[in-house]
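**Student:** Same order as they appear, the protein sequences are chains A and B.
The first sequence begins at 1 in the working numbering and counts up one residue at a time.
The second sequence begins at 138 in the working numbering and counts up one residue at a time.
No lab work stands behind these hints: they were computed from the structure.
A hint or two may mislead.
[What the hints assert, rightly or not] Which stretches of chain B does chain A cover? Using the computed rule of at least three CB atoms under 8 angstroms from a CB of chain A, they are:
id : segment
1  : 161-175
2  : 201-209
[Stated by the list, open to error] In silico lysine-lysine, PhoX-like type, Cα no more than 25 angstroms apart, as pairs:
id : chain 1 : residue 1 : chain 2 : residue 2
3  : B       : Lys192    : B       : Lys151
4  : B       : Lys192    : A       : Lys54
5  : A       : Lys85     : B       : Lys192
6  : B       : Lys162    : B       : Lys179
7  : B       : Lys195    : A       : Lys85
8  : A       : Lys85     : A       : Lys71
9  : A       : Lys7      : A       : Lys64
10 : A       : Lys54     : A       : Lys7
11 : B       : Lys195    : B       : Lys226
12 : A       : Lys80     : A       : Lys113
13 : B       : Lys162    : B       : Lys192
14 : B       : Lys151    : A       : Lys54
[Said to hold, decoys possible] Covered stretches of chain B, as calculated for chain A (at least 3 residues, CB under 8 angstroms):
id : segment
15 : 179-192
16 : 225-237
Every residue, glycine too, gets a C-beta built ideally from N, C-alpha and C.
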Amino acid sequence: MSEGTTKQFLYVNRKAPHGTVYALESLEVVLIGAAFEQDVRLAFMDDGVFQIMKGQDTAGIGTKNFAPTYKALGDYDVNKIYVEKESLDERGLTEDDLMPLTYEDEDDDWAEKPSIKIVSRAEMADLIDSSDVMFNF
Amino acid sequence: MAILHTVNKSPFDKNSLERAIGVAKEGSSVLMIEDGVYGAIKGASSSAMVEAAMKTVKVYALSEDVSARGVNDRVIDGVELVDYAGFVKLAAEHAQVQSWL
C-alpha cells in the first residue's frame with residue numbers, strides 16, 4: 001500500500017464507552033484500518049472523552065473491558081489522538097483523568113512520546129476541515 | 138407516595154436526569170444506572186443541578202456502573218453508591234419505579 005494517495009482519516013468519537021456499542025466498534029475499525037497505512041487521526045469529544053478515562057473496570061457489569069486496548073494504538077502507528085478541552089471542562093475532567101496513551105518514535109531513537117493532544121473547539125474544527133475521510137461513532 | 142426514578146442516560150447527552158429531578162417529589166429517590174452514573178460526577182456542568190436536588194431527594198448511583206466507567210473518585214459527596222442487591226432493595230422499598238430512558 002506504499003503507492004497511491006495517502007488520505008487523512010479522522011475517526012470522531014462522541015459516545016460514552018459502555019452504554020452503547022459505538023466506542024468498541026470504533027476501536028475495532030481503527031485497529032483494522034491501521035493495517036492500510038493511511039494517515040489516521042482520532043478525535044474524542046462530548047461523551048467520547050469518557051472512552052479513555054483511567055481506571056475503568058467492567059468486572060461488575062460483565063462486559064469486555066476494552067479500555068486497555070487504547071494503550072495498544074501506539075504500536076499500530078495510531079499516535080495522533082486529539083481530545084477537545086471544552087468537552088473535558090464540561091465534565092469536570094482534566095488530562096490527568098485520561099489514560100497516558102503513548103507511542104515510540106522511530107525517528108527519535110524510539111523515544112516514548114505522548115499520543116494525546118488536548119485541543120480547543122476551534123482547533124477541532126480545523127482538524128475536521130483538513131480531513132479527507134471521516135468516520136463518526 | 139415515594140417513587141424510585143432510575144436514569145440510564147448521560148446528562149451531557151440527554152435530558153433524562155434533568156426531567157427525573159424535575160418531577161421527583163420530596164422523599165422520592167433518584168438512582169443513576171448505566172451511562173446515567175455520569176450524572177454523579179462532581180465539578181461538571183450537571184453537578185449543581187444534582188447537588189440542589191439532594192436537598193429534597195435521595196440520590197444513588199449503581200456502584201458496578203460507576204466502576205466500569207472509572208469515575209469512583211469523582212462522585213459527588215452524599216451520592217450513595219449501591220450494588221445490584223441494593224438496587225433490588227430500593228425497588229422493593231418504593232411504591233413505584235419510574236425509568237427515565
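**Student:** Going through the numbered hints above, which ones does this structure break? Give me the numbers in ascending order.
**Tutor:** 4, 5, 7, 9, 10 and 16
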